[in-house]
Amino acid sequence: MSHDIRFLLGEDEHTLRDVSPTLTVLEYLRRHARRTGTKEGCAEGDCGACTVVLAEPDGAGGLRHWAVNACIQFVPELHGRQLLTVEDVKRADGTLHPVQQALVDRHGSQCGFCTPGFIMQLYAGWLEGTLEDRQSVKDWIAGNLCRCTGYGPIIDAGLDVAAAPRPAAAAQAATAGRLSALDDGDMLHIAHGGQQWFAPRSIDELADVYSKHPDAVLVAGATDVGLWVTKQQRHLATLIDVTRVAGLNEIKETVDGLTIGAALSHRDATAALARLHPDLGELLRRFASIQIRNAGTVGGNIANGSPIGDLPPALIALGARLHLHRGATRRELPLETFFLAYGKQDRAPGEFVEAVLVPPLDAATRFACYKISRRFDQDISAVMGAFALTLKDNTIVRARLAFGGIAATPKRAQKTEAALTGQPFAATTIERACSALTEDFTPITDMRASADYRLLAAQNLLRRFYLENSHKKVATRVLELVNE
Amino acid sequence: MSEAAQRDDVPVILQERPIRGGVNAALAHDSAAWHVTGEAVYIDDIPELPGTLHLCVAMSTRPHARIVALDVSMVRRQPGVVCVLTAADIPGVNDASPIFGDDPVFAVDEVQYAGQSIFAVAAETIEVARAAAKRRNAA
Chain P
1 MSHDIRFLLG EDEHTLRDVS PTLTVLEYLR RHARRTGTKE GCAEGDCGAC
51 TVVLAEPDGA GGLRHWAVNA CIQFVPELHG RQLLTVEDVK RADGTLHPVQ
101 QALVDRHGSQ CGFCTPGFIM QLYAGWLEGT LEDRQSVKDW IAGNLCRCTG
151 YGPIIDAGLD VAAAPRPAAA AQAATAGRLS ALDDGDMLHI AHGGQQWFAP
201 RSIDELADVY SKHPDAVLVA GATDVGLWVT KQQRHLATLI DVTRVAGLNE
251 IKETVDGLTI GAALSHRDAT AALARLHPDL GELLRRFASI QIRNAGTVGG
301 NIANGSPIGD LPPALIALGA RLHLHRGATR RELPLETFFL AYGKQDRAPG
351 EFVEAVLVPP LDAATRFACY KISRRFDQDI SAVMGAFALT LKDNTIVRAR
401 LAFGGIAATP KRAQKTEAAL TGQPFAATTI ERACSALTED FTPITDMRAS
451 ADYRLLAAQN LLRRFYLENS HKKVATRVLE LVNE
Chain U
1001 MSEAAQRDDV PVILQERPIR GGVNAALAHD SAAWHVTGEA VYIDDIPELP
1051 GTLHLCVAMS TRPHARIVAL DVSMVRRQPG VVCVLTAADI PGVNDASPIF
1101 GDDPVFAVDE VQYAGQSIFA VAAETIEVAR AAAKRRNAA
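Taken in sequence, the protein lines are chains P and U. Be aware that the first sequence starts at 1, since it is given in the numbering used here, and climbs by one per residue. Be aware that the second sequence starts at 1001, since it is given in the numbering used here, and climbs by one per residue.
It should be emphasised that the hints constitute simulated quantities derived from the structure, not laboratory data. Model, not experiment: these values are computed from the prediction. A virtual CB, placed ideally from N, CA and C, is assigned to each residue, including glycine. It is possible that some hints are incorrect.
Stated by the list, open to error - Covered, in the sense of this in silico footprint (three residues per stretch, anywhere, with C-beta under 8 Å from a C-beta of chain P), are these stretches of chain U:
{"hint": "1", "segment": "1062 to 1073"}
{"hint": "2", "segment": "1122 to 1134"}
As the list claims (entries may be wrong) - Covered stretches of chain U, as calculated for chain P (at least 3 residues, CB under 8 Å):
{"hint": "3", "segment": "1031 to 1039"}
{"hint": "4", "segment": "1043 to 1052"}
Please build the complete structure, drawing on both the sequences and the hints.
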């Protein structure tokens, strides 16, 4: 076991020992390392002011970079990685990096408080080479809020950077070598002031540690657990990080469908899910921000049990099955049966989500998923609907409908499914299904939507699904209208 | 046709004159280079002097309610808490509004919105101040 958090801060090697494992990366930077360029805005991963870039060896001699919200990441996440902040972006000769120069030239800062976050997010985009056009820059910075400059100049700056030459491969290889030497591959164990953090490296190690500490909080990206600390000031005694477990962050595509490891990040799951159906790609594009999708995991989104997690309804409609693991035993269950009640899942002490199996879509099945939120990008769903209807000679032979945001859990609409099954795929059937939907759900009113709105929106999603699968000429998506 | 409409039809000829001074020139923000490098110093970036206290304002969790009793004795007793301020500690008028006299610094008897200030805790660290503020007994 290894007891030190060893990492590179910029180019300098650092070791942290005897620190609280729930010290956030942002607090570490600002209060311990006295790097105050990284700002605290919301302290909940929404505003992007604290964006930093992490790097680790990519296994092919180079580096893999990704941006995260430092405010909700804990310092053990730094182990074996390079942490890059706004202070690291300037060139060695003291001149501005093209990302910085572009933002100056385009007048992309006013009060400047959000600027370091934009710099780091654009820097990550430049490293990845994903700042291709206006839309891709907008997608890239959807998780960075600016309240005074306006996004126009910032987007222009992002476009300016696209052509700047990439960093030299040799320098990246050197850094990858230094990082490999920092991580001995052993389980990390941090103990401090009554707190413990374990980062097991294999599934067996995870099963073993969790069996011994069944009261531990599993951390699978910290995009929710981070807020327990920053917003609720909760004292978390024992934490187990599942994201370092070999094999748990893999995705396998076979004829049986997709097997998604629980610790796979949303970002790494996107391409395969988009191949399964474009709506899943679109859903993930609007799922939080890139920083959050880089940290948050598929297993975390499921095991968390939130009624507003966006993946569970989509996966339930697709007929996904959940793989659970406890000690030496494994079991499998339909995803929808995992969610028992608000905040309560079918998970025994010491049991963890290992993977989710998503079966392939057959040619006879029409699928769609829709996210309805007050803001288009990076917002929590007021209603999330996912539908899979299998047709045979225009008769609905199988219906799987699942919703998020309108019940205490992600939930199937079973009465609605019954109203559809065996019926012709026609407007009259859809109207009967819309009536049945009122028996399936009694949504609540909150700041995101009223109960009436939620129910009507859920019904209208069914109508939209029908339109999209019968009269192709009708524009049914906001983007179709915006782009016209 | 009215006279006013006729006057509108008269073309207005603007004399072309070069713009002088900084107007119309693309001048960079004088702090832009500091913003993009993280070197711009904001209040929260300035190292604290030894002994600096941290304040947490305890706020109403309800949008509209009567304050029947407020007991901050437990808050005062938390280790690291230096001072607890309520409306009773305000020497002058309990009002922060510029004109109408309708914005109390700390709510008394009634809260009128969620997030309204009720009392403040000054402590040796922000963590202590935040934790202590939760130890109130309000009814």
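Each hint, compared with the structure:
1. 1062 to 1073: With 0 residues closer than 8 Å to chain P, the segment 1062 to 1073 of chain U misses the three-residue bar; violated.
2. 1122 to 1134: holds (count 4)
3. 1031 to 1039: Since three or more residues must qualify, the claim that chain P covers the segment 1031 to 1039 of chain U holds, with 9 doing so at under 8 Å.
4. 1043 to 1052: With 3 residues in contact (Cβ-Cβ under 8 Å with chain P), the coverage given for the segment 1043 to 1052 of chain U holds.
Hint 1 from the earlier list is the only one contradicted by this structure; the remaining hints agree with it.
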